[in-house]
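Asks: Residue numbers (this note's numbering): 3 to 653.
No wet-lab data here; the hints were simulated from the structure.
If you're wondering where the values come from, they're calculated on a predicted model, not measured in any experiment.
There could be a bad hint or two in this list.
Cross-link-like lysine-lysine pairs, in silico, BS3-like; alpha carbons within 27 Å at most [said to hold, decoys possible]:
#1 Lys524 - Lys538
#2 Lys456 - Lys439
#3 Lys456 - Lys481
#4 Lys524 - Lys481
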Amino acid sequence: MTLRTLRRLSQILFLGLFALFVCTAALRNPFLETDPFIAFTNALATHALYRGLLWSLAILIPTLFLGRFFCGWICPLGTLNHWAGNIRSVAKSGRRRIQSNRYQPWQAFKYYFLLALLAAALLGSAIGGLFDPIVLAARSLALSVLPAGSYSLAHAGPLSYLLFSPQAHFRQGFLLGLLLILILALNFRITRFWCRALCPLGALLGLVSRWSILGLEKNQDQCGDCNRCLLHCQGGDDPIPGAHWRKSECHLCMNCVADCPESGIRFRFFSRTSASATAPNLIRRKLLTGVAAGAAAVPLLRANTGLDAEPHPRRIRPPAALNERQFLARCIRCAECIRVCPTNALQPALAEAGWEGIWTPVLAPRIGYCEPACTLCGQVCPTGAIWQFTAAEKGWAGTAAHPIRLGTAFYDRGRCLPWAMATECIVCEEWCPTSPKAIYLRPAEVTDSAGNAKQIQQPYLDPERCVGCGACEFACPVKGEPAIHVTSVGESRSPTNQILLRRAPKSVDWLPDTGDAPGWTKSGETRQFDPAGLWKYIDGDAERYLRAGVRRTLTATYRYRNTVEAVVDIHLMASPAAARAFFESEPAVGSRPVPLDDAARTYGQSLTFRRAAFFVRLVAYQDTPQTAPALLSLARAIDSRLTATNAITES
Numbered sequence: 003m004t005l006r007t008l009r010r011l012s013q014i015l016f017l018g019l020f021a022l023f024v025c026t027a028a029l030r031n032p033f034l035e036t037d038p039f040i041a042f043t044n045a046l047a048t049h050a051l052y053r054g055l056l057w058s059l060a061i062l063i064p065t066l067f068l069g070r071f072f073c074g075w076i077c078p079l080g081t082l083n084h085w086a087g088n089i090r091s092v093a094k095s096g097r098r099r100i101q102s103n104r105y106q107p108w109q110a111f112k113y114y115f116l117l118a119l120l121a122a123a124l125l126g127s128a129i130g131g132l133f134d135p136i137v138l139a140a141r142s143l144a145l146s147v148l149p150a151g152s153y154s155l156a157h158a159g160p161l162s163y164l165l166f167s168p169q170a171h172f173r174q175g176f177l178l179g180l181l182l183i184l185i186l187a188l189n190f191r192i193t194r195f196w197c198r199a200l201c202p203l204g205a206l207l208g209l210v211s212r213w214s215i216l217g218l219e220k221n222q223d224q225c226g227d228c229n230r231c232l233l234h235c236q237g238g239d240d241p242i243p244g245a246h247w248r249k250s251e252c253h254l255c256m257n258c259v260a261d262c263p264e265s266g267i268r269f270r271f272f273s274r275t276s277a278s279a280t281a282p283n284l285i286r287r288k289l290l291t292g293v294a295a296g297a298a299a300v301p302l303l304r305a306n307t308g309l310d311a312e313p314h315p316r317r318i319r320p321p322a323a324l325n326e327r328q329f330l331a332r333c334i335r336c337a338e339c340i341r342v343c344p345t346n347a348l349q350p351a352l353a354e355a356g357w358e359g360i361w362t363p364v365l366a367p368r369i370g371y372c373e374p375a376c377t378l379c380g381q382v383c384p385t386g387a388i389w390q391f392t393a394a395e396k397g398w399a400g401t402a403a404h405p406i407r408l409g410t411a412f413y414d415r416g417r418c419l420p421w422a423m424a425t426e427c428i429v430c431e432e433w434c435p436t437s438p439k440a441i442y443l444r445p446a447e448v449t450d451s452a453g454n455a456k457q458i459q460q461p462y463l464d465p466e467r468c469v470g471c472g473a474c475e476f477a478c479p480v481k482g483e484p485a486i487h488v489t490s491v492g493e494s495r496s497p498t499n500q501i502l503l504r505r506a507p508k509s510v511d512w513l514p515d516t517g518d519a520p521g522w523t524k525s526g527e528t529r530q531f532d533p534a535g536l537w538k539y540i541d542g543d544a545e546r547y548l549r550a551g552v553r554r555t556l557t558a559t560y561r562y563r564n565t566v567e568a569v570v571d572i573h574l575m576a577s578p579a580a581a582r583a584f585f586e587s588e589p590a591v592g593s594r595p596v597p598l599d600d601a602a603r604t605y606g607q608s609l610t611f612r613r614a615a616f617f618v619r620l621v622a623y624q625d626t627p628q629t630a631p632a633l634l635s636l637a638r639a640i641d642s643r644l645t646a647t648n649a650i651t652e653s
């Protein structure tokens, strides 16, 4: 089997797997988690690396050895560009194909573009996700190509309804499909134009590939100057003898090796050739311009009132979405949450979230509503823009004290049938999923057009119970503008976008004050985090605490006689059993038990213990002979405080 055949099989295999993950709602897309560009932008924007994005090393590390193998062998958008380019290449003469596959100076643009997107990420915007090839392919396939194909097959014959699921509809589906067609059509002019000139992931891999140990060797003695090595060159990297081979542009398609009739070109590790350029030839002035453009883009995109002062009322985010600034720092517009939504309720935004938020997910209640027990959007989000949550944490079907709220519904009594037309209708009350229901009915006596008095049930809404799921708006029988509509007002993720004035919860400080533990002084204020905001404190490990049922976290810094500094974290779990299970899940290697009431371990420089529903961790920065006994004295003071407040907390 030749290398060209092997590469084609690899492209078909990975493109098929990519399409499978896009088509199957129950599967997360691992291509997104192994994307190094997504990992870089996420780390820069949030100062942490979310969950599975560490898998991007599976692409970065081989790139250090092989070069840009991902672009030529795996990338789904690269494969589509490759195939589209081959269609046009057949019609080109050999001379034109050779000339078009020479390296061009404009290919350096992608490196400047990459720096601009990374600068924007550093300032807290994940807008670079719009241009990532994996994200672009996933978004285009999920929201345009597959719905269009489903529509065509659904109308192909009577048996099609037995084979395909109900039709999904997406806003901007035509625009997204047109963008993909344009990218593919550019290959008719220049082979793999997107990959050569625009792709930020390709630029990142090109920069990393400069250290790869696999290189191209050219034997000029065997060269007949036929230039056939350029006939099918995908990267425009000049593999011909007499020119510098550009390692950062090579896609490792191996076409030059297969096309050489004299076998004068070969790839080998630690190649001995001086006719190669390992790094792209970049101009410093243009590099600075790229960084400045990316840095200027973020404040320009946010120079409006929509982010904080005047949020769009229909900017209704999915459940467990972060606050808007953090959401825009993480959301890469991959459409994973949109494609898995079982009711088709999530749609790509256009004007609802401003220019920076284009194609981010918003709830469109007139199209679909948020299912009370559905948690799919949090499960598939690859970057943590939508935090992973459970149906119990969502709290719509039960009696949760603090359910996740997407917004609040409002009645238009001028369009409501019982209010404006004396016509019986209780559809919204029947569809309301909360328990107890947010929509309730009151009898009223009205007079119809004939002057006859009659009893009718008129709907009212309790904003304290409404979660903004959109079921009432979806089911409203009034065509056109519904008689009830949901807005983002009252969403849980925003402390300011509220309609109700709520009394602040009573603050309970379980941390000891200065003097409660001999020698210890409290440094700074106590910080408090609820489950939805815990990632702000422990982003890399917050998910483990959420799975264990953490309800509240308090943390503070203490100093011991100006020699030891320690951080104390107190986590209130859902129950004593949950605290016990979490404590027992902690590694016990290298620890020894210490005398505290329930259970405690010291590791010398750290100490953990549990008390009822509390799990406590103390970590000292200095390792001295007095660190361990000092931590134990502070732990005893915390244990005494928890004992005194435990009855209040549990009530």
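Asks: Work down the list of hints and note, for each, if the structure agrees.
Replies: Here is what the structure says about each hint:
Annotation: proposed proximity of Lys524 to Lys538 holds, straight-line Cα distance about 22 Å (limit 27 Å). For the hint linking Lys456 to Lys439, the alpha-carbon distance of about 26 Å falls within 27 Å, and the restraint holds. In summary, the hint linking Lys456 to Lys481 is supported, as the alpha carbons are separated by about 25 Å, within the 27 Å threshold. With a CA separation close to 62 Å, the supplied pair Lys524 and Lys481 exceeds the 27 Å bound.
Violated hint for the displayed structure: number 4, the only one.
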